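These protein sequences, in sequence, are chains S and R.
Each residue of the first sequence is one higher than the one before, starting from 1 at the first, in full-length UniProt numbering.
Each residue of the second sequence is one higher than the one before, starting from 1 at the first, in full-length UniProt numbering.
No wet-lab data here; the hints were simulated from the structure.
Treat the numbers as computed from the prediction; the structure is a model and nothing was measured.
Even for Gly, the Cβ is constructed at its ideal location relative to N, Cα and C.
A couple of the hints might just be wrong.
[Unchecked claim] If you only want the chain R side, here are some residues facing chain S, beta carbon under 7 Å, derived:
#1 I59
#2 A106
#3 L178
#4 G182
[Stated by the list, open to error] Pairs of lysine-lysine residues, derived as BS3-like cross-links and limited to a Cα-Cα distance of at most 27 Å, are as follows:
#5 S:K283 with S:K11
#6 S:K283 with R:K117
#7 R:K10 with R:K20
#8 R:K10 with S:K283
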Amino acid sequence: MDSEEIPFMVKIEKYIPYLLLMPALLYMIFFIGYPLVQAVGLAFFENGQFTTANLDYLLYSPLSKFWDALKYTLLLAAVIIPIQVSVAFAIALLMNVPFKGHNLAVYSVILPLTISDVAAGLIWYVMLSPNGFFNKLLVSAGIISEPVRFFGAANRDMEFLAIVITEVWRATAIVFVILFAGLQMISREYYEAAEVFGATTWQRFRYIVFPMLLPSLQAALIIRTLFAFQIFGVVWTLAGRDIPVLAGEAYYEQTQLHHPGVASLYALIIALISVLIGYIYTKLFKARYLEA
Amino acid sequence: MGEEQIILEKKSVVKYYLFKILFAATVIIVVTWVVLPFIMTIIYALSDPLQYYDRYIIIPTRYTFEHVKSLLDLGAGQAIINSVIVALLTILFSFIIGLPAGYAFARYKFRGKDSLKLFLVGLRMFPIIVIAVPLVTLYLQLGLNDTLLGVALAHTAMATPFVVLITSSIFAGVPVELEEAGLIFGLSRIQAFLRITMPLALPGLTAAAIFTFIMSWNEVFIAAVLTFRNRTLPAFVLQSALASTDFIKFAAAFIMVVPALVFVFVAGKYLIQMWGITLK
Numbered sequence: 001m002d003s004e005e006i007p008f009m010v011k012i013e014k015y016i017p018y019l020l021l022m023p024a025l026l027y028m029i030f031f032i033g034y035p036l037v038q039a040v041g042l043a044f045f046e047n048g049q050f051t052t053a054n055l056d057y058l059l060y061s062p063l064s065k066f067w068d069a070l071k072y073t074l075l076l077a078a079v080i081i082p083i084q085v086s087v088a089f090a091i092a093l094l095m096n097v098p099f100k101g102h103n104l105a106v107y108s109v110i111l112p113l114t115i116s117d118v119a120a121g122l123i124w125y126v127m128l129s130p131n132g133f134f135n136k137l138l139v140s141a142g143i144i145s146e147p148v149r150f151f152g153a154a155n156r157d158m159e160f161l162a163i164v165i166t167e168v169w170r171a172t173a174i175v176f177v178i179l180f181a182g183l184q185m186i187s188r189e190y191y192e193a194a195e196v197f198g199a200t201t202w203q204r205f206r207y208i209v210f211p212m213l214l215p216s217l218q219a220a221l222i223i224r225t226l227f228a229f230q231i232f233g234v235v236w237t238l239a240g241r242d243i244p245v246l247a248g249e250a251y252y253e254q255t256q257l258h259h260p261g262v263a264s265l266y267a268l269i270i271a272l273i274s275v276l277i278g279y280i281y282t283k284l285f286k287a288r289y290l291e292a
Numbered sequence: 001m002g003e004e005q006i007i008l009e010k011k012s013v014v015k016y017y018l019f020k021i022l023f024a025a026t027v028i029i030v031v032t033w034v035v036l037p038f039i040m041t042i043i044y045a046l047s048d049p050l051q052y053y054d055r056y057i058i059i060p061t062r063y064t065f066e067h068v069k070s071l072l073d074l075g076a077g078q079a080i081i082n083s084v085i086v087a088l089l090t091i092l093f094s095f096i097i098g099l100p101a102g103y104a105f106a107r108y109k110f111r112g113k114d115s116l117k118l119f120l121v122g123l124r125m126f127p128i129i130v131i132a133v134p135l136v137t138l139y140l141q142l143g144l145n146d147t148l149l150g151v152a153l154a155h156t157a158m159a160t161p162f163v164v165l166i167t168s169s170i171f172a173g174v175p176v177e178l179e180e181a182g183l184i185f186g187l188s189r190i191q192a193f194l195r196i197t198m199p200l201a202l203p204g205l206t207a208a209a210i211f212t213f214i215m216s217w218n219e220v221f222i223a224a225v226l227t228f229r230n231r232t233l234p235a236f237v238l239q240s241a242l243a244s245t246d247f248i249k250f251a252a253a254f255i256m257v258v259p260a261l262v263f264v265f266v267a268g269k270y271l272i273q274m275w276g277i278t279l280k
């Protein structure tokens with residue numbers, strides 16, 4: 001090796017990690033920063049002049065479904081997330097016990113993770129449509145004489161229910177994977193120690209499983225809440241605009257009504273809500289960590 | 001005394017089996033709840049219309065590929081090709097920019113590492129769908145609107161934080177000592193990386209690529225906003241299939257479900273690992 005080369009290499013060595021990081025950092029800053037700036041421009045400016053026309057349309061126009069969209073997005077999140085987290089928690093505990101066919105069961109449970117939300121919506125359309133599996137089953141069993149109608153603007157409550165069923169089915173798998181991974185990381189030694197001291201099942205759950213799983217539970221909660229505000233595919237396939245949601249309205253304003261300003265406003269609102277939720281959760285959970 | 005013990009044992013044996021049966025039943029209910037909709041979708045997508053519209057036939061006996069075929073002819077065939085192209089481009093781009101970053105996080109100590117990692121990895125929480133609408137304006141200027149390249153670039157923004165996180169975790173799993181041994185034996189850093197670390201990381205990277213593929217393959221909002229004629233499969237289905245008859249909808253579900261089943265059975269173990277890493 002050349003003796004002059006070494007100091008140069010040492011010098012450069014210091015910058016290598018930054019050079020390696022640069023492409024990813026620049027790409028992400030550009031692809032998130034630029035659209036956000038552009039969104040503000042589209043939403044609040046017209047020909048270089050500040051305008052509230054888009055905001056007025058969003059808030060007050062009879063064509064706009066903003067308030068309904070906000071209401072239904074919040075309502076869906078409030079109904080779906082608690083069911084998802086508790087169901088996923090129960091399944092994760094179930095799958096943490098070794099049994100015959102265990103792997104097959106785990107693979108089955110994660111299946112919905114690999115399909116798009118549009119596919120999930122269509123799958124449950126197959127299950128719930130007037131000639132779908134459930135109606136046929138119930139009619140054949142003589143439990144009902146006429147099929148239950150889940151779809152169509154006249155059955156909005158049933159559409160809401162169909163969305164809840166589909167989302168619980170689809171995204172429970174996500175929560176399951178987080179909690180399952182968390183459970184698998186708890187060392188066997190803790191259980192063995194508990195056994196030595198004669199802990200009951202409940203005590204083991206209360207003093208080992210639950211506290212050690214708390215970080216995973218919190219992660220699951222954050223991820224699910226954030227994604228709840230992006231709900232789109234399932235709602236759009238099952239209910240269209242009968243059940244308006246924020247992302248759905250953004251899509252509709254952009255592609256059907258050609259209102260990029262209003263659609264950008266929706267984008268900004270979703271981004272703002274997400275940042276707010278992230279902030280609240282970090283504050284909330286940090287406080288609890290400090291207590292413990 | 002002896003008799004009591006026998007009764008006690010009998011009781012616990014009954015309890016044991018009762019518990020076992022209850023446990024098995026719960027597992028079966030859970031698995032059925034998740035899997036049955038997949039099975040019914042496949043069955044109904046392929047079923048004969050007359051039998052489907054008969055209210056008393058739950059499981060049809062006559063099957064046809066007609067609906068799937070007519071959906072493919074309607075444009076789903078091209079949409080599948082588009083989806084594959086977008087997903088492959090997304091893998092390519094996100095690995096080109098994400099893999100070096102993942103390596104840097106796994107192998108180097110440097111100032112600002114923690115905050116940079118927090119920033120990059122924290123971005124996976126960002127609601128990436130919100131970039132779609134403003135991107136349309138930029139894409140119109142650049143001539144990228146309604147192109148597969150444009151969708152792939154946006155999907156790359158969605159996938160990169162995950163790729164960084166996954167690759168960093170994969171590289172961290174390859175012992176640094178092996179690389180150092182290579183350096184001692186005269187390999188350069190790049191050679192050591194290419195000849196030692198890369199081959200060892202390859203299975204993990206393949207799984208990461210499949211993970212990225214699925215992410216792009218399933219994304220609908222960005223694809224639907226950014227394209228008009230050159231639609232990916234989910235965007236095509238969202239646009240075309242929803243207004244169609246039941247059978248076209250079922251066929252659409254069928255086309256989207258089959259690859260998912262393949263993915264899970266081919267790479268299920270790795271995928272669980274990937275999800276475990278990315279969802280933490």
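Taking the hints in turn, this is what the structure says about them:
Hint status for R:I59: violated, given a least beta-carbon distance of 9 Å to chain S, over 7 Å. Taking 7 Å as the C-beta contact cut-off toward chain S, the hint placing R:A106 at the interface is violated, the least distance being around 10 Å. Violation of the interface hint for R:L178 is found here, the shortest Cβ-Cβ separation to chain S being roughly 19 Å, above the 7 Å cut-off. Interface hint status for R:G182: violated, as the beta-carbon distance to the closest one in chain S is roughly 16 Å, over 7 Å.
Using a Cα cut-off of 27 Å, the hinted pair S:K283 and S:K11 is violated, with the two alpha carbons roughly 41 Å apart. Under the criterion of a C-alpha separation no larger than 27 Å, the hint pairing S:K283 with R:K117 is consistent with the structure, at around 20 Å. About 15 Å separates the Cα atoms of R:K10 and R:K20, which keeps this hinted pair within 27 Å; it holds. Distance check on the hinted pair: R:K10 and S:K283 sit about 54 Å apart at the alpha-carbon level, beyond 27 Å; violated.
Hints 1, 2, 3, 4, 5, 8, counting from the list given before, are not met by this structure.
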